[in-house]
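Here's the letter readout for the chains.
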Amino acid sequence: MSEANTSEMAAVSIRHLSKSFDDVEVLRDVELEVKTGEVVTIIGSSGSGKSTLLRCINWLEKPDRGSIHIAGQRIGVHEDGRPMPVRELAKVRAKTGMVFQGFNLWPHLNVLHNVTEAPIHVQGASKREAEERAMALLEKVGMVDKRDSYPNTLSGGQKQRVAIARALAMQPEVMLFDEPTSALDPELVGEVLAVIKDLSAEGYTMVMVTHEMAFARAVSDQVVFLEKGLIIERADPETFFTTPKTDRVRKFLENHDTPSPA
Amino acid sequence: MSNWEILWDERAQFWSGFLSTLEIFGLSIVGAFVIGCGLLYLLEESRKRLTIPLRIFIDAMRMLPFLILAYLLYYGLPSVGIRLDAWWSGVGALAVYHGAYFAEIFRGNRLTFPPGQIEAAKAHGFTKGKMFFRLLLPQIIMQTRQLLGNQLIYALKDTAFLVIITVSELTAAANSLSSTYFIPTEAFIVVIGFYWAISVTMEIIIKQCGRFSAKRGFDNV
Ligand SMILES: Nc1ncnc2c1ncn2[C@@H]1O[C@H](COP(=O)(O)OP(=O)(O)OP(=O)(O)O)[C@@H](O)[C@H]1O
Ligand SMILES: [Mg+2]
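Line by line, the protein sequences give chains A and B.
With this note's numbering applied, the first sequence corresponds to residues 300 to 561, in that order.
With this note's numbering applied, the second sequence corresponds to residues 3 to 223, in that order.
So here's chain B without its partners, still in its complex pose (with noise of 0.2 angstroms):
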């Protein structure tokens, strides 16, 4: 039997791996969505008794390995009396920190948004929350989407490191059949391809989406 008959055979667990991977993709792109909203709203707050933690927040999370976070949430909470398995701990630290990632991203784009604009929402009677969610936010996520674009595909790749901390997931499905096979390469090479699959998508996906854009005069396809 060839090597990569036996990874064939054990499809079911790559399968397996693969929606799990999806899944906590998934779930952590959407947590950490809501939170970089979220954080521009709050950042929208002009006091400074709430931006400058925010601030720290933000920058505390980008300057840390992602590891680190992931360990933290999993080995760390516990000792402050909060226990998380591993696949919401890595759900999780997935969300917050490329929660923070995104909300750099719309930080970046909003301090370049027309201010007269705002005037003209304000003349026509808006108040914050309307102004953010009908026109700041729709804006700024149009005119980030590339950079959006990036960020989701780092997000993918790090739900890799959630092997570590036991999580199982596609990474976790290939190390496991590696191991018990000893053919490392053939299994790496399965994984690959799946990552690179659920990247070309959401490449597919976001460049669609430019077109929704371009239309508005935000940027070219």
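Looking at chain A on its own, in the form it has when it is part of the complex (with noise of 0.2 angstroms):
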């Protein structure tokens, strides 16, 4: 029963989760246990798994085994192993909050519309609340100007800002957040980190994949290496950066070291 009592209490508990595309396995055995209000790294070389971790969480992507619970509810099935419903995986879903490296807002919608489709569409909020709790969110990212904007208008920061006040719009538990700098000029990276700093300080529950170290250690409560689909380091940001206990990431940390050309 100590199983599924931590379960409840963690804002995400990953158990045995694995995961393979065509014969190849991405995701070995992760276990992952994120509290409330932890901001939990995710670092690893390229093609390691990091984001397929992240789409496991929402259910993006399908995992072969384990199990992974959200705020003390299982995802993608239920826990006698029926399947879950679409609408009800939607739902569970709905407690997390995706923000993507090529940031996917919706063209069509303006900048407030974006944030308030899903309150309004998949929550059922009414539109006066749902203006209301975007205008903060807005306000909170710093985009409050540009509500009545179209996404083509806006510079890759922006977008990002924007997406991240749309995935707080939900409400939900834990916010994802894979590469959220990754597709940005150098120059709009550090409005967008300072952004997801402001969060962390807030007592946002995150995950986050990054390849930006000195922020990693700056916000990060748990910093996690993922290697070859197996999680071979975990620490807190002191010790992570400061004494790796492997060899493969204190390579990894040298290579990441040389200041970028920005």
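Since the hints were derived computationally from the structure, they do not count as laboratory data.
All the pointers check out, no bait thrown in.
Cut-off 20 angstroms, straight-line C-alpha distance, at most; resulting in silico cross-link-like pairs (PhoX-like, lysine-lysine):
{"hint": "1", "chain 1": "A", "residue 1": "Lys-426", "chain 2": "B", "residue 2": "Lys-132"}
{"hint": "2", "chain 1": "A", "residue 1": "Lys-390", "chain 2": "B", "residue 2": "Lys-132"}
{"hint": "3", "chain 1": "A", "residue 1": "Lys-361", "chain 2": "A", "residue 2": "Lys-394"}
{"hint": "4", "chain 1": "B", "residue 1": "Lys-130", "chain 2": "A", "residue 2": "Lys-361"}
{"hint": "5", "chain 1": "B", "residue 1": "Lys-130", "chain 2": "A", "residue 2": "Lys-390"}
{"hint": "6", "chain 1": "A", "residue 1": "Lys-426", "chain 2": "A", "residue 2": "Lys-445"}
{"hint": "7", "chain 1": "A", "residue 1": "Lys-394", "chain 2": "B", "residue 2": "Lys-130"}
Mind assembling these two chains? They're in different frames, but the hints should get you there.
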């Protein structure tokens, strides 16, 4: 019973998660526990399975084995193994907010409506309530002035800040970020990282894949290193960045310490 | 009395033909639009059992001359016990025929729809139906606006075929006046004017809609 209990406490609880793509094991028996209010950063080289892990959390990718609980609730399948009907899956999914590398805003809706779309049409919030919530979030990400603009007129950094507000508008238990600044021009990275940093200070629960090492060190409570689908190291950021246990991580950090061209 | 004066005296016949054409056209393109959207929605189902017959239906329609379909509905359906009058056969044939074209236009655009947007919708808890009507369909319509506009013009021109299954519309009016008074040139020039008027009005409306989508970055007006 203690297992069930810890699942209920944690914002995200991942157990024995495995996933293959055509015979290639991309995730191997991954275990991860994200407590409410915690920021967990996932680091690893390209192809190590970081995105796949994140996408399993909200079931955009269907794991082969293992279980994932969001705030105590199993996602994707019922505890007794029955597959979860799509409507129910969508409900559990909405407990997570995802921010993508490529923003993925809906171009036919203006900034405000991008943020109110899911609260109104998925959660059934009233227009008024959704707009109030959206305005507060746009304020938070510094995009109130652009509420009537369409995504095609925004810079990458602005788009990503809107995407963050859009995900927050669902009032998720956990925010998932997949390399939120990788598609941005170097001079726009800072504005997005600043928003994420604010969120961590406010106590949002977040799981983030990033290549921004200094940032990861500054905001994380826990750093996880993925290598070929295995978590080979996990630690608090100080320990992780100053005294890594494995040679693999030491090498990785050496390569990433070289100052970027920006 | 000049030929033109004869036609002016008979203007009521043109006018009622014109109204009839407008009515047939309006009803059938609304029907075609609904059929096109419905087919697109059904094609979203990845189940082969459904998509293969739908694809066959769409392709069959596109390869069929419109007139044959109109004949089939008007003369063929009674043999299976369904009797439609000429007017409804015409409207039905137009709606089904151009609905298949609409579906094909939509489907072509759907193939290039950015998958990231769909993932974002799923991640935000959207289920298929809501995603289709709120996110996919509006964008697909905005993006295919010009192709849809062309298709509407084809549909308008196809309404003229209905004279052959005895629907009294604009072309039928011209036909009857030209044979009563033996003034085919003038009579047909008048109907050309009517068809042009409808087409030009449609072009203007479609162009106006372009501003709406251009603002969202979908195309340049
Ligand atoms: N849909 C898919 N079908 C087949 N293989 C896939 C699919 N998605 C990912 N993979 C493979 O799984 C492995 C892990 O991919 P993943 O995207 O999780 O890596 P990543 O750590 O996020 O890499 P990056 O840093 O480049 O984003 C890669 O080898 C990738 O090619
Ligand atoms: Mg990735």
